[in-house]
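**Student:** Sequence:
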Amino acid sequence: MPELTQAMVESLYDKFAPLIGLRIHWLSLPEPALPGFEPSQIAVIINTLLDAALPQIELLATNPDNLAKLTHLGLQKAPQEIGNRESYPDYIHTSGYRVELKGLFVDNPALDLKRPPTRREPSARLKENITLANVVPDRDVLMLAAVQLQEFTGLCYPVIVDIGLFPMIACIRARDARLLESGGRWKDGVPQVIKNTSQARYNAGETLTDSDYQKDTNFGKLKRIPYPPLQAFMQKHHTI
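Each residue of the sequence shown is one higher than the one before, starting from 3 at the first, in this note's numbering.
Honestly, the hints are just simulated from the structure, not real lab data.
Each hint can be trusted.
Below 16 Å or equal to it, Euclidean Cα-Cα: the simulated EDC-like pairs (lysine to aspartate or glutamate) are: (1) 217 <-> 190; (2) 71 <-> 60; (3) 197 <-> 183; (4) 197 <-> 212; (5) 217 <-> 130; (6) 129 <-> 190; (7) 129 <-> 178; (8) 217 <-> 178; (9) 116 <-> 33; (10) 79 <-> 53.
Full structure from sequences and hints, please.
**Tutor:** Right under this line is the structure:
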């Protein structure tokens with residue numbers, strides 16, 4: 003089966019470019035309230051809002067020009083099984099492409115958020131429910147929406163500052179290869195890594211048992227998927 007290349011996916015960029023610069027008016031925070039929030043808390047709120055807003059994005063247009071562009075964005079929610087919150091993919095595009103959306107929160111150093119001593123890893127990930135078996139190689143696209151909180155006359159709103167598009171098949175292959183190359187494995191559909199206490203035995207070439215493995219709680223985090231175009235996008239926005 004033919005597969006999407008990065009160059010092919012980038013040709014879709016113009017279709018989604020109207021999203022860049024869009025201010026999401028459905029959420030606002032007074033600037034004086036920001037010291038009570040960590041960036042990671044804001045990221046969860048914004049990403050949840052973005053997922054709900056994108057299929058009806060035309061309602062967020064701030065002027066007639068944006069309305070004309072966004073009305074023809076061409077995204078609609080993909081059919082999902084009732085009660086299945088983790089169904090894949092998120093959206094179907096009018097072009098036939100299937101789109102999985104992940105929000106990438108971009109910190110705004112100009113805002114006085116409650117920042118922890120060390121930067122926290124972005125939580126967005128490609129979970130184990132997305133596998134090579136349910137990815138359509140020539141149609142599935144990962145879309146990262148880089149969102150930043152920005153201040154407008156005392157109120158702070160999420161603003162989409164960039165869009166990144168990547169072939170899902172390439173991302174999933176890189177994700178899975180990293181697991182196996184580190185000595186990890188799949189067990190009953192669950193990604194597992196070698197326990198720290200068993201690492202020396204693995205390095206010595208000893209045979210491991212089930213007790214030497216544990217669930218990979220970091221599996222699929224975008225920062226850990228070694229697909230160069232994806233990592234370049236995250237580096238561009240200082241999220242790694």
